[in-house]
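Chains as they are written, first to last, in the numbering used here: chain A, 3 to 236; chain B, 3 to 236; chain C, 74 to 282; chain D, 74 to 282.
Among these hints, one or two may not hold up.
Just a few of them, taken from the derived set where beta-carbon distance is under 10 angstroms, the chain B residues facing chain A [as the list claims (entries may be wrong)]:
(1) Glu108
(2) Gly116
(3) Phe120
Here are the computed lysine-lysine pairs in the BS3-like style, where the Cα-Cα straight-line distance is at most 25 angstroms [claimed, not checked]:
(4) D:Lys111 with A:Lys5
(5) A:Lys137 with B:Lys186
(6) B:Lys4 with B:Lys186
(7) A:Lys223 with C:Lys221
(8) A:Lys186 with A:Lys8
(9) B:Lys43 with B:Lys8
(10) C:Lys111 with B:Lys5
(11) C:Lys259 with C:Lys229
(12) D:Lys111 with B:Lys74
(13) A:Lys75 with C:Lys194
What the hints contain is simulated information worked out from the structure, not anything from laboratory work. Idealized CB from N, CA, C, for every residue including glycine.
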Amino acid sequence: MKKVFKDADAALDGTLFDGMLIAAGGFGLCGIPELLIAAIKKAGTKNLTVASNNCGVDGFGLGQLLDTRQIKKMMSSYVGENAEFMRQFLSKELEVEFNPQGTLAERMRAGGAGIPGFYTKTGVGTIIAEGKEHKDFNGETYILERGIVADLSIVKAWKADPSGNLVFRKTARNFNPPAATCGKICVAEVEEIVPLGSLDPDTIHTPGIYVHRIIQGEHEKRIEQRTTRKREAA
Amino acid sequence: MKKVFKDADAALDGTLFDGMLIAAGGFGLCGIPELLIAAIKKAGTKNLTVASNNCGVDGFGLGQLLDTRQIKKMMSSYVGENAEFMRQFLSKELEVEFNPQGTLAERMRAGGAGIPGFYTKTGVGTIIAEGKEHKDFNGETYILERGIVADLSIVKAWKADPSGNLVFRKTARNFNPPAATCGKICVAEVEEIVPLGSLDPDTIHTPGIYVHRIIQGEHEKRIEQRTTRKREAA
Amino acid sequence: MAWDRNQMAARAAQELQDGWYVNLGIGIPTLVANYIPKGVEVTLQSENGMLGMGPFPFEGEEDADLINAGKQTVTELPQTAFFDSSQSFAMIRGGKIAMAILGAMEVAENGDLANWMIPGKLVKGMGGAMDLVAGVGRVVVVMDHTNKAGESKVLKSCSLPLTGKAVVDRIISNLGVLDVVPGGLKIVELADGVTEAELRAATEANIVN
Amino acid sequence: MAWDRNQMAARAAQELQDGWYVNLGIGIPTLVANYIPKGVEVTLQSENGMLGMGPFPFEGEEDADLINAGKQTVTELPQTAFFDSSQSFAMIRGGKIAMAILGAMEVAENGDLANWMIPGKLVKGMGGAMDLVAGVGRVVVVMDHTNKAGESKVLKSCSLPLTGKAVVDRIISNLGVLDVVPGGLKIVELADGVTEAELRAATEANIVN
């Protein structure tokens, strides 16, 4: 049971194929699997459908896979921090399926939890509900949303142990845990692989059972909106 | 925003009424809200429906509420470690709705997550599926299970801070986090209330938003099956 | 005369009650945090996965792993808890957030809200807005009463694709405060120096007494 | 001659593959942990909320907060992770557990399993058994081939209420090993000193070649 791989190329070896569905963690540029995305770019896998809340920015994160035209379709809640995305989207080269953010997160969680469908109030009465089954519970109307099962999940954590237990840091957790659960294979990139036994078993966010391959690497961790306040003079 | 109460009686004050639905955390006797159960006994609230994986043992845990005939119905996955339970069950004084353990946990989680129904393969083709809606997804049959929303949740955690953030210890976590989410009001009993800011925000299992009232107290923490091994001679 | 952005935010802050968990949208709603009344303790939720959102960091203390739903760097507080996005929206959908204060493009007299797309224009997505309006206990909209062309944004029915159907409880605009009630909108308050006639003139929606 | 409880457990342990996450039921399946082959690393899941279940504690080191699904005190290992019951069954239902090894009252030739209730007798509940058989990758049943009256427990169809429909992949009994295949059961192996005729005589289910 060797889960630790030497780099992103090695960790993705044998997992990629044209037309596949990839679930990616991250919110904006926070907690995105930078190294695995770059390796998918290098591998040149085509016609990807990517379930990810956002699609990176020009030249960084998933935005890189737009430059190379590797993405056929995005399943996202918010996109377009990205000129190339908008160009492809408006010219219909790129397909976008908009999902409410919570619906997208829950669809990933459901897919990983063996739940093929669940009912939610989110989106009832909007274009999101069009074509979806409606059902009343206790006098209120809900719509049926489907679990997402991806061919591959790519996630970014703070620390891992060699058994694949993952710990995330602050809001970089975001979509990573649900994304990790919904892939038939999950590859995780982390800032540090720590020795077995050094993570407190009460504080593990994603148990190792979900994680098949791990790499350690350097992360740029780019900040999208650097907002600060001034220190008041003493 | 004062969440800390002086004892179980005070914390339950105004939350109890005859015929109510209570969701309780715990698995076997592990991680059960001992003090709150004892206070419900004292309060004498009647005709309770209790959603809890098990029903305690004679004279301890939820078993205490059987002695006083306060429970009308249990929603559980495994019961009967308890002579009085079996007597009431066999004589039909006590109603039992059996739920597969994972379905019960997910029903609590769903109820707390605004999901009135979800599909699962668990129980298809068994008496559990009788009378439930069946639906095919990708060629497989699933049944519809309903979210549970309780009038009150009672849970037991290891530590809390005054804002209601909870941390559990080892397998005493079990049903407590999903139970905490599904109550209109959630009362938590803990071994220790620690100062605000002393819990690492990355390691909180149940965020304070779910927890309305907290008490600190002494717990018996009875062991149901004490199994050990012998040390080999040196 | 009418309220400016900060006055609208200050008025919206009056909606907050002690002990509430609240989600503030982008734009004017973000400013509400600056006007929380003394003695009112409110915990801010950020839907990417945080309860207890603090102010922007001091320069040099930005943390790439600590951002809000607007992707801005923020800070934590003593009561902060982090969680994943499925948990975050579980609490939103599950009705655990007492109130969301959001911006809007249009609101209708039945509480319909449109704030995510303009057909033919750049569509960026709804983010968490649909989840919020469907799930939270109370939805307060803060917005200008009219658009740049002077047309009412408070309508009989929305012309834009909806974010949620019959979800808005209260509108706080530059001209005043209106509640969604059976039959239409009810004037709760006029902004400083605004007459009822002015408010009515700027409102397409039916106003009931 | 036939296999005893420990021999059945040892045979069941041969089913395990390196790197697998496995759930062991109560009774003989629990003994399987004693026979995991050298070089095969298996992580045991306990459905109350634990991955990486260790052996029973030394006397005096029992921890009331650390029990398995059978409510027995256990210990943790360096790779242990704890989680709540909804997460635990999310991984079970989601197919993340490679194999469950369970006891049975009856198994049918189509893989139907009955192991939770006898009508008219004390019903204690199914616990996590229905979730396990519905969710895990492979279900192996370990049981005596016949009941105390000498009647086959390997049947054309189950007489007892089912735990799961067409869920069993392999049966390991005191008499041998059988796989559920199209049309019935296929003999994989005979227990020490058991003849095929003996196995067939003790089996009501259809055996295919």
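For each hint, the structure was consulted:
1. For B:Glu108, the shortest C-beta to C-beta distance to chain A is roughly 7 angstroms, which falls under 10 angstroms, so the interface hint holds.
2. Proximity of B:Gly116 to chain A holds as hinted, the smallest CB-CB distance being about 6 angstroms (cut-off 10 angstroms).
3. This hint holds: B:Phe120 has a C-beta 4 angstroms from the nearest C-beta of chain A, less than the 10 angstroms allowed.
4. Our distance criterion of 25 angstroms between C-alpha atoms is met by D:Lys111 and A:Lys5, whose separation comes to about 19 angstroms.
5. At most 25 angstroms may separate the alpha-carbon atoms for a hinted pair to count; A:Lys137 and B:Lys186 meet this at roughly 23 angstroms.
6. For the suggested pair B:Lys4 and B:Lys186, the alpha carbons sit about 17 angstroms apart, so the restraint of at most 25 angstroms is met.
7. For the suggested pair A:Lys223 and C:Lys221, the alpha carbons sit about 39 angstroms apart, so the restraint of at most 25 angstroms is broken.
8. With a C-alpha separation of about 21 angstroms, the suggested pair A:Lys186 and A:Lys8 falls inside the 25 angstroms cut-off, and the hint holds.
9. Between B:Lys43 and B:Lys8, the direct Cα distance comes to roughly 18 angstroms. Compliance with the 25 angstroms bound is thereby established for this hinted pair.
10. Distance check on the hinted pair: C:Lys111 and B:Lys5 sit about 19 angstroms apart at the alpha-carbon level, within 25 angstroms; holds.
11. Restraint check for C:Lys259 and C:Lys229: satisfied, since their Cα atoms lie roughly 13 angstroms apart, inside the 25 angstroms limit.
12. Proposed proximity of D:Lys111 and B:Lys74 is contradicted: the alpha carbons are some 52 angstroms apart, above 25 angstroms.
13. Distance restraint check for A:Lys75 and C:Lys194: the Cα-Cα separation of roughly 20 angstroms lies within the 25 angstroms cut-off, and the hinted pair is therefore satisfied.
The structure fails hints 7 and 12 (numbered hints given earlier, in ascending order).
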